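One-letter residues, chain by chain:
Protein chains: 2
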Amino acid sequence: MKATARAHTNIALIKYWGKKNQNFILPYNSSLSMTLDAFYTDTTVEFSSGFTTNQFYLNGELVNDEMTDRVFNHIHKIKTLLNQLDLPNFTVTSTNHVPTAAGLASSSSGFAALTAAAVKAMGLDLSKSELSRLARLGSGSATRSLFGGFAMWSTGNDLTSVGSAIDEHPEMDLHLLAIETNGARKKIPSRSGMQNTVETSAYYDAWVQKAKNDLDLMTYAIKQNDFELLGKVAENNAMAMHATNLAAVPSFTYFEPDTLVAMQAVQELRNNGISCYYTLDAGPNLKILTQSKNIDAIKAYFNKKLPKATIIQATFGPGIQYLS
Amino acid sequence: MKATARAHTNIALIKYWGKKNQNFILPYNSSLSMTLDAFYTDTTVEFSSGFTTNQFYLNGELVNDEMTDRVFNHIHKIKTLLNQLDLPNFTVTSTNHVPTAAGLASSSSGFAALTAAAVKAMGLDLSKSELSRLARLGSGSATRSLFGGFAMWSTGNDLTSVGSAIDEHPEMDLHLLAIETNGARKKIPSRSGMQNTVETSAYYDAWVQKAKNDLDLMTYAIKQNDFELLGKVAENNAMAMHATNLAAVPSFTYFEPDTLVAMQAVQELRNNGISCYYTLDAGPNLKILTQSKNIDAIKAYFNKKLPKATIIQATFGPGIQYLS
Numbered sequence: 001m002k003a004t005a006r007a008h009t010n011i012a013l014i015k016y017w018g019k020k021n022q023n024f025i026l027p028y029n030s031s032l033s034m035t036l037d038a039f040y041t042d043t044t045v046e047f048s049s050g051f052t053t054n055q056f057y058l059n060g061e062l063v064n065d066e067m068t069d070r071v072f073n074h075i076h077k078i079k080t081l082l083n084q085l086d087l088p089n090f091t092v093t094s095t096n097h098v099p100t101a102a103g104l105a106s107s108s109s110g111f112a113a114l115t116a117a118a119v120k121a122m123g124l125d126l127s128k129s130e131l132s133r134l135a136r137l138g139s140g141s142a143t144r145s146l147f148g149g150f151a152m153w154s155t156g157n158d159l160t161s162v163g164s165a166i167d168e169h170p171e172m173d174l175h176l177l178a179i180e181t182n183g184a185r186k187k188i189p190s191r192s193g194m195q196n197t198v199e200t201s202a203y204y205d206a207w208v209q210k211a212k213n214d215l216d217l218m219t220y221a222i223k224q225n226d227f228e229l230l231g232k233v234a235e236n237n238a239m240a241m242h243a244t245n246l247a248a249v250p251s252f253t254y255f256e257p258d259t260l261v262a263m264q265a266v267q268e269l270r271n272n273g274i275s276c277y278y279t280l281d282a283g284p285n286l287k288i289l290t291q292s293k294n295i296d297a298i299k300a301y302f303n304k305k306l307p308k309a310t311i312i313q314a315t316f317g318p319g320i321q322y323l324s
Numbered sequence: 001m002k003a004t005a006r007a008h009t010n011i012a013l014i015k016y017w018g019k020k021n022q023n024f025i026l027p028y029n030s031s032l033s034m035t036l037d038a039f040y041t042d043t044t045v046e047f048s049s050g051f052t053t054n055q056f057y058l059n060g061e062l063v064n065d066e067m068t069d070r071v072f073n074h075i076h077k078i079k080t081l082l083n084q085l086d087l088p089n090f091t092v093t094s095t096n097h098v099p100t101a102a103g104l105a106s107s108s109s110g111f112a113a114l115t116a117a118a119v120k121a122m123g124l125d126l127s128k129s130e131l132s133r134l135a136r137l138g139s140g141s142a143t144r145s146l147f148g149g150f151a152m153w154s155t156g157n158d159l160t161s162v163g164s165a166i167d168e169h170p171e172m173d174l175h176l177l178a179i180e181t182n183g184a185r186k187k188i189p190s191r192s193g194m195q196n197t198v199e200t201s202a203y204y205d206a207w208v209q210k211a212k213n214d215l216d217l218m219t220y221a222i223k224q225n226d227f228e229l230l231g232k233v234a235e236n237n238a239m240a241m242h243a244t245n246l247a248a249v250p251s252f253t254y255f256e257p258d259t260l261v262a263m264q265a266v267q268e269l270r271n272n273g274i275s276c277y278y279t280l281d282a283g284p285n286l287k288i289l290t291q292s293k294n295i296d297a298i299k300a301y302f303n304k305k306l307p308k309a310t311i312i313q314a315t316f317g318p319g320i321q322y323l324s
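First to last, the protein sequences are chains X and D. Sequential numbering of the first sequence, starting at 1, is according to the UniProt record's numbering. Sequential numbering of the second sequence, starting at 1, is according to the UniProt record's numbering.
So here's chain X without its partners, still in its complex pose (with noise of 0.2 angstroms):
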């Protein structure tokens, strides 16, 4: 009744953003990402009935807070759901490889590995199809973080809203820095965010057919092994989804000074004949999209631009692994 698990995290290239159902965790739009090897979590779970409560330790350490009941309540819905109300008590112990620095959100790796750590120490056998399903009660991008390379979570109805491989071995170059610039935790949650540009943005239903329109460019991108397709369509996506937070009543944005200073150092770059492009997450650091030989030139561009900022690489991961 124990199983451990390794998830890696991914960055939205079509970002995800607005849930038609909240209890379900059901997005507007289909959103595409690409898994890192750089950032993942390990999580084991066992069920046992020598335990005498349900447990999470989190890096080490017992923790008992709102991640705590958002870990509680998922093992629940996948007792439900798998119908094995009758298992024992828990203990989750997880470890995240993904530095705080790197301001990459934890949460689709961490759901990704519970899913499968859980329903593989239930002893039962379900596909990543099926366990992105359950993930993605978890946390929506954990959808994705089921399948390495570039991957895909559909929009869709409760049982149809799952993730999938567009390409788990890419050939293309394909590489990823991380330019942390604020370690802050961000003002507006996502989840609050999001649902705000919902309710009131005047863009929202133009962003949702563009994100459409943005996904079909981008999958021809991968087919095509476009980088520069591929880095300008996910540029432009990731600002359309931060314009509708402006066009919110009332307005917000994720945008932090530094924010925009890296933006500026992308496109001097560009005007340099250095290719490179950026996405930005719900939080003020900037993801940079390039390929191989660029990375250096780069580096040392922000550590003149920007001397105080992290930058961590990452280059593409594999799905879900399985340590025992």
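Please keep in mind that the hints were generated in silico from the structure rather than gathered at the bench. Be aware that one or more of the hints could be misleading.
Copies of the same chain are indistinguishable here, so a pair counts whether it falls within one copy or spans any two.
To be verified - Keeping only pairs whose Cα atoms sit at most 30 angstroms apart, straight-line, the calculated DSSO-like set for lysine-lysine is:
id, residue 1, residue 2
1, K305, K19
2, K20, K212
3, K128, K2
4, K19, K212
Quick caveat: nothing in here was measured; it's all calculated off a predicted structure.
Got chain X; can you put chain D on it based on the hints?
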């Protein structure tokens, strides 16, 4: 054959962003502005058979650049439309009382003063509405600068797209603080920026609809003498205008790092009970809308937060005036 006119700049509270006709400068949406006392242009136009050529003096110097072409073209259009093509050569002498540091475009006051002085120098007597139609052909925002207080520029066809007074002597206690953090010439001129957005932004149609709704709200706020509603609508309308640029292909922004610092300062002031809102044109310099009692506190806060910024204060200005 000589006349002098004074026109004041205006700040759009509901923005003009995008033309449906380039030649006639017909906007997709109506806009609404506050005419400002602190910034104005004095322009003398003289027609004389003694002049061997047309000349343009700006701030005491003979000018021969892109702006000279715009001035000459504008006079030519007025002569054509008013059947005055047999007039002799002219001299235009213009003085801008618009500190470059204010980050406020002088084209609104410039083309309003030029139009009024030229028509009067021709010996013709046109209504402000007729003058505003002519001023529009030089610069869209000049359409509103014929009127004092709150003015509107209506979308429509070439005959009906004119300025009008909403309230030339408003009771509202309303002041503007122009926060100049960046005196550099803007990288993307508003003419090309707005045209790129019209052609490529997925949010442009939604912007036009939102601007219509915001105009109704703003008109109501003015009628009700409701500063808070006016500020909220102005801030949200400006951000929605800037959001259309983020969603253009490629995306672009007029925000600079200090723009975000200034926005955050306004939000912090609000959190501390100081009522103020911001608006932003096609450039990086924030303009703050507030009431008399809060001016000192805002200036003090900005002196601390952005010590290098220049702050220039204004309130309602009058419509077109003839100095001779």
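Within, between, both or neither: K305, K19 at alpha-carbon 30 angstroms: neither (37 angstroms within a copy, 38 angstroms between copies)
Homomeric proximity label, K128 with K2: Cα distance no greater than 30 angstroms: within (19 angstroms within a copy, 82 angstroms between copies)
Within, between, both or neither: K20, K212 at alpha-carbon 30 angstroms: Answer is both: 15 angstroms inside a copy and 27 angstroms across each meet the 30 angstroms cutoff.
Status of K212 relative to K19 across identical chains (alpha carbons, at most 30 angstroms): both (15 angstroms within a copy, 28 angstroms between copies)
In summary, the one numbered hint that this structure violates is 1.
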